[in-house]
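There are 2 protein chains.
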Amino acid sequence: MTERRLQTLYTRYRKSINRRLSEYAKTRRPATVYAPIRHILSAGGKRVRPVLTLLSCEAVGGSAGDALDAAAAIEMLHNFTLIHDDVMDHAPVRRGRPTIHTRWDENVAILAGDALAAQAYRAILRSPRRLKKILGAFNDAFITVCEGQGYDKEFERRNDITIGRYMMMIRKKTGRMISVSTEIGALIGGGTPREVGALRSFGEQLGTAFQIRDDLLDIAGTPEEFGKTIGGDVKEGKRTYLLIRALALTGGAERRFLASLAPESRITQADIRRVRGIYLRAGVLDDALDEVERRTHRAQRSLKSLRPTAARGMLMWIADQLLRRNR
Amino acid sequence: MTERRLQTLYTRYRKSINRRLSEYAKTRRPATVYAPIRHILSAGGKRVRPVLTLLSCEAVGGSAGDALDAAAAIEMLHNFTLIHDDVMDHAPVRRGRPTIHTRWDENVAILAGDALAAQAYRAILRSPRRLKKILGAFNDAFITVCEGQGYDKEFERRNDITIGRYMMMIRKKTGRMISVSTEIGALIGGGTPREVGALRSFGEQLGTAFQIRDDLLDIAGTPEEFGKTIGGDVKEGKRTYLLIRALALTGGAERRFLASLAPESRITQADIRRVRGIYLRAGVLDDALDEVERRTHRAQRSLKSLRPTAARGMLMWIADQLLRRNR
Numbered sequence: 066m067t068e069r070r071l072q073t074l075y076t077r078y079r080k081s082i083n084r085r086l087s088e089y090a091k092t093r094r095p096a097t098v099y100a101p102i103r104h105i106l107s108a109g110g111k112r113v114r115p116v117l118t119l120l121s122c123e124a125v126g127g128s129a130g131d132a133l134d135a136a137a138a139i140e141m142l143h144n145f146t147l148i149h150d151d152v153m154d155h156a157p158v159r160r161g162r163p164t165i166h167t168r169w170d171e172n173v174a175i176l177a178g179d180a181l182a183a184q185a186y187r188a189i190l191r192s193p194r195r196l197k198k199i200l201g202a203f204n205d206a207f208i209t210v211c212e213g214q215g216y217d218k219e220f221e222r223r224n225d226i227t228i229g230r231y232m233m234m235i236r237k238k239t240g241r242m243i244s245v246s247t248e249i250g251a252l253i254g255g256g257t258p259r260e261v262g263a264l265r266s267f268g269e270q271l272g273t274a275f276q277i278r279d280d281l282l283d284i285a286g287t288p289e290e291f292g293k294t295i296g297g298d299v300k301e302g303k304r305t306y307l308l309i310r311a312l313a314l315t316g317g318a319e320r321r322f323l324a325s326l327a328p329e330s331r332i333t334q335a336d337i338r339r340v341r342g343i344y345l346r347a348g349v350l351d352d353a354l355d356e357v358e359r360r361t362h363r364a365q366r367s368l369k370s371l372r373p374t375a376a377r378g379m380l381m382w383i384a385d386q387l388l389r390r391n392r
Numbered sequence: 066m067t068e069r070r071l072q073t074l075y076t077r078y079r080k081s082i083n084r085r086l087s088e089y090a091k092t093r094r095p096a097t098v099y100a101p102i103r104h105i106l107s108a109g110g111k112r113v114r115p116v117l118t119l120l121s122c123e124a125v126g127g128s129a130g131d132a133l134d135a136a137a138a139i140e141m142l143h144n145f146t147l148i149h150d151d152v153m154d155h156a157p158v159r160r161g162r163p164t165i166h167t168r169w170d171e172n173v174a175i176l177a178g179d180a181l182a183a184q185a186y187r188a189i190l191r192s193p194r195r196l197k198k199i200l201g202a203f204n205d206a207f208i209t210v211c212e213g214q215g216y217d218k219e220f221e222r223r224n225d226i227t228i229g230r231y232m233m234m235i236r237k238k239t240g241r242m243i244s245v246s247t248e249i250g251a252l253i254g255g256g257t258p259r260e261v262g263a264l265r266s267f268g269e270q271l272g273t274a275f276q277i278r279d280d281l282l283d284i285a286g287t288p289e290e291f292g293k294t295i296g297g298d299v300k301e302g303k304r305t306y307l308l309i310r311a312l313a314l315t316g317g318a319e320r321r322f323l324a325s326l327a328p329e330s331r332i333t334q335a336d337i338r339r340v341r342g343i344y345l346r347a348g349v350l351d352d353a354l355d356e357v358e359r360r361t362h363r364a365q366r367s368l369k370s371l372r373p374t375a376a377r378g379m380l381m382w383i384a385d386q387l388l389r390r391n392r
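So the sequences go chain by chain: A and B.
Going by the numbering used here, 148 is the number at position 83 of the first sequence; the sequence numbering is gapless.
Going by the numbering used here, 88 is the number at position 23 of the second sequence; the sequence numbering is gapless.
Treat the hints with caution; some may be incorrect.
Identical chains share a label here; the pair holds if one copy fits it or two copies do between them.
Stated by the list, open to error - Within a straight-line C-alpha distance of at most 30 Å, the following computed DSSO-like cross-link-like pairs (lysine-lysine) qualify: (1) K111 to K303; (2) K91 to K198; (3) K197 to K303; (4) K303 to K91; (5) K111 to K80; (6) K91 to K369; (7) K303 to K369; (8) K91 to K111.
No lab work stands behind these hints, which were simulated from the structure alone.
Take these sequences, add in the hints, and give me the full structure.
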């Protein structure tokens, strides 16, 4: 397929997901609960996770329409985590819009997040078959993403985190939400255990690549490209791939400076520029890019065992896109 | 059955629930997520909701053991709402212990709450039969309690709330969590649609009685009896049964004072004493008690259609207990 054809198809999948999401966002009252939910669901976004669900369903011979409710459920569960994470990270902007706790307040954000998680379950309950397996996977992802967020918080004040521990954390925080998207799509499509396994492992590799790329964009991108504040991870003292690598590769004053970054240390724009300078000199931006590439290719190799369908081709292409994404 | 025998049986049910809950609280890491969960689940409490689940299961001829996971799920979902509500209401104490956001911080409370909701789903997924129906009811309760909390928040700044609107709000905020406890118990026990309906309606009436009694205890009890701060509702500007009735029955300076109560108006201990004085003079404490009694009896009448079993007797007795409870 040509690049243009792939783009057109992606847009078609994305639109069908947005239509289904808007059905779940129809309830109006109480406005305290549903106005913020509409605010976040209508902000757009790439809808990568639900598109992966639809394509994974087709890649094992299923029909994408059967997976639409599950796809909407996954996007809603993902948005629920965004709402609460943004409160915890004090993030002012998301997808170019004020975050819910900024536009309303923290209480509204807590409550709207909870209600969105509940709506996500309402949607996943409509899956047409293999409900118990699907719910088990969905619930496992919900628990896992909370655990990942917990480790992320715990790591913020520590300078002894290894890349191995970091990888465990992002597999939970980001990887599982993406691997559950492909896994559930394959389950609904009637995939064999081998097919479901291949798509789940594609999602997991892609998810970790995605998180490292996100770490990179936080410091290497521009606000316009990124849709959120630059250096937000630095400000919150997040132990990212870059920071952990740089802590291992630097010494003296540079390392002491990096080690001092913590949520409560009032970090300035000049500090963020200094961090970026250290990362450049230590070569950790290149290291991260290599890691993203390696994991993306590993993800693509997982798909080799599937029949060569149009859906498989699109999954390969999406992985390539994520490798190149700048927002 | 004698009072003593009923107490002994209740304790036995409560202990079996606590044992099952402690199995769900076994996971240790990340501590940020699981230590607060253990903190709240081990604080005790009457466990009314899960005991109602076990008894409802038996009241339709089922075996309580089959409903233990569902009972634990309901208690966990309830505790999840307590964690987030306490953050939103700035409540310092719960069941005589510091609340999670007080002992740790707000971020920990948000995250631990989320993880506890996820654990609740893990437990409910283990229900031995009628899974789709049970999940539908469980999920409906989750959505409904969020909506009720939303209305509760919206009402805080308004003085035009009628008793009718208040009843709608507490049916959602409190009633549904209790009616889902009895409904799911009856479903697992293999109840007929008529039996399930009777137990659900028992739960709903009992739930609203429970909330009005709670409103009453907030101002009429002592901290030792109540296990939380006295006048917390007044401080948070909550539109309780008492305040709504008093707004309708008073005039002049008294009414203006009551109408001025809002979350942001720094309310003192003297203000709380003044509120209590107005409530006494207007007779709204007695009104509330009458309403609790009426609803409790209505709840008990719903059970008349069930076979006269020991479980039904205990459900009747629990309703009586709640009528008399002072904490």
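Report task. State whether the alpha carbon distance between K91 and K111 is at most 30 Å within one copy, between copies, both, or neither. Result -> within (21 Å within a copy, 38 Å between copies)
Indicate which option fits the pair K197, K303 if close means a Cα-Cα distance not exceeding 30 Å: within, between, both or neither. neither (36 Å within a copy, 41 Å between copies)
Copy assignment of K303 with K91, given that the CA separation must stay at most 30 Å: between (36 Å within a copy, 28 Å between copies)
Inset, instruction - Measure nothing new, just compare the shortest in-copy and cross-copy C-alpha distances for K111 and K80 to 30 Å and report within, between, both or neither. - result: Answer is within: at 10 Å inside a copy they meet the 30 Å cutoff, but 49 Å across does not.
Between the shortest in-copy and the shortest cross-copy C-alpha distance, which are at most 30 Å for K111 and K303: within, between, both, or neither? within (24 Å within a copy, 41 Å between copies)
Up to 30 Å between alpha-carbons, please classify K91 paired with K198: within, between, both or neither.
both (29 Å within a copy, 23 Å between copies)
Worksheet item: Should K303 paired with K369 be assigned to within, between, both, or neither, using CA atoms and 30 Å as the limit?
Response: For K303 and K369, neither the intra-copy (35 Å) nor the inter-copy (60 Å) Cα distance is at most 30 Å.
Up to 30 Å CA-CA - K369 versus K91, copy category
Answer is neither; intra-copy 41 Å and inter-copy 40 Å both fail.
Going down the numbered hints, you'll see the structure goes against 3, 6 and 7, while the others check out.
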